[in-house]
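Number of protein chains: 2
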Amino acid sequence: MNLSIDVNILQMSSEKREKLKDRIVCEIPLTIVVNENKLITLQCSPDKLEYLAIGFLLSEGFIKEETKIKYLNLNKSDWHIKIGLEENFPDIKNSLLKKAVGSGCGKAVTFNQSVYIQELTPLKIQVKYSWEKISNLMEELQKRSLTFKNTGGVHSCALCSQERIEVFSEDIGRHNAMDKVFGECFIKGISTQDKAILTSGRISSEILIKAARRKVSIIASRSAPTDLAVSLAEKLNLTLIGFVRGHRMNIYTHNYRIT
Amino acid sequence: MNLSIDVNILQMSSEKREKLKDRIVCEIPLTIVVNENKLITLQCSPDKLEYLAIGFLLSEGFIKEETKIKYLNLNKSDWHIKIGLEENFPDIKNSLLKKAVGSGCGKAVTFNQSVYIQELTPLKIQVKYSWEKISNLMEELQKRSLTFKNTGGVHSCALCSQERIEVFSEDIGRHNAMDKVFGECFIKGISTQDKAILTSGRISSEILIKAARRKVSIIASRSAPTDLAVSLAEKLNLTLIGFVRGHRMNIYTHNYRIT
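These protein sequence lines are chains A and B, in that order. Taking the working numbering, I'd label the letters of the first sequence as residues 1 to 259. Taking the working numbering, I'd label the letters of the second sequence as residues 260 to 518.
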């Protein structure tokens, strides 16, 4: 399904009133059903929905590296995705209610009190990237973001090796875009530990925790971080880079990984 | 509490490596407790938290115009806000689990299947704004967004009369910024029906539904809408305006309200 469609608009300006076609981004409600239990509905862009569902379960800690997926069936007529997991799924209601609703997506964790943050240990990964490489990869991310170019309505996210963008996603939600990337890595068996993750969106604590969970030690954004993301990155030994624009960037934590 | 703080960064560019101070936005986890039951934790900017909590409850349909608030106590040491409602609070767990997690905040409704969208009826409000007024108010919104100017890390939202911005908020989440505005209106008894709401953020279905619930018939953004927001606006008789920039804007639905 297309990520965007044309609609009729009236464009007004000091010079004129004009009837035009305008391209806008599509939004659908994806309901994730795990072992016959309805888990949640995500408002998202209608592509890579299998990756999104798996990425969401990974980010929320519902599935782990060793989890076996028995089936994964997407029904596009009612936007339901059914996932079968071999193990008993934890008490969904209670699991879900332990989560916080985040500034950007509702998938955050209450790390002020929850077990989540305690689960995460400082990363020991020694991967290094040159700043020119980060800068070039961000330029590449922007070039690939065609839906953004056409609509201005999506975020983009990419997992990058030293050489290139390895996995790329767009979504109306910056959280979803990242979940799609990590979901695709999980399904295809692509290692995340030796790579950097780039996003067009702001880096809040929730976004940082997603990266930390997948053991990605460098996270870079075109946009701003929050203080909580920065202090978590400091603690978890992640390199957090913001405002990567043109040939300039701000490194907030652990700059030894950027040469 | 301040919405932003200074941190030490390393700024890298083709010309130099420089240690600088950079101002970044603050993020805190606000836990909302209603009638002694923990409802949810929101990641947000640390101001107007009473407004945020009430606005959230309004947006989610937990409280209505006539609901009496017995107490509202914010504890800044653990970021808990306790709210007492006169009526019996509905079964929180079940209410919450009926909601969807949205692209931008997790406070969306599954209007593909839920009662939410059926609750909303087309607005009959005949308020009109000139396009110059919308354009000027958006300029004013940007001028007021000092935290954005300093950090690039927040969204802003404003409820506007024909004359001026009446209520203004900033938050790391665009949903929170809007909830703060509507919460303040509720507590201060400011009417929303005769006004327009302006936001710096994208207009997804969730954002549109927030406006529709408060019977605001004109919603304008500097940014893009989604197709679902546009079709809901069409159905609910809301005027949806996007890309208000300089002296130009795109009117997606019900342009008769813009003169």
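Just so you know, these hints were derived from the structure itself, not from any lab. Some hints here could point you the wrong way.
[Claimed, not checked] Examples of chain B residues lying across from chain A (beta carbon under 7 Å, computed):
(1) 269
(2) 379
(3) 484
(4) 507
(5) 509
[Said to hold, decoys possible] Now the stretches of chain B that chain A is said to cover, found in silico as 3 or more residues with beta-carbon under 8 Å:
(6) 281 to 287
(7) 402 to 416
Quick reminder that beta carbons are idealized off the backbone N, C-alpha and C, glycines included.
Cross-check of the supplied hints:
Contact between residue 269 of chain B and chain A, as hinted, is supported at the beta carbon level, the nearest pair being about 4 Å apart and thus within 7 Å. The criterion of a C-beta within 7 Å of any C-beta in chain A is not met by residue 379 of chain B, whose closest approach is roughly 16 Å, and the hint is violated. Given hint, residue 484 of chain B at the interface with chain A, holds; its Cβ is 6 Å from that chain's nearest Cβ, closer than 7 Å. This hint holds: residue 507 of chain B has a C-beta 4 Å from the nearest C-beta of chain A, less than the 7 Å allowed.
A hinted interface residue such as residue 509 of chain B counts as satisfied when its beta carbon comes closer than 7 Å to some beta carbon of chain A; here the least separation is about 5 Å, so the hint holds. Check result for the segment 281 to 287 of chain B against chain A: holds, 6 residues qualifying (beta carbon to beta carbon below 8 Å, three or more required). Proximity of the segment 402 to 416 of chain B to chain A, defined as three or more residues with a beta carbon under 8 Å from a beta carbon of that chain, is established by the 3 residues found.
Checked against the numbered hints listed earlier, the structure breaks hint 2 alone; every other hint is satisfied.
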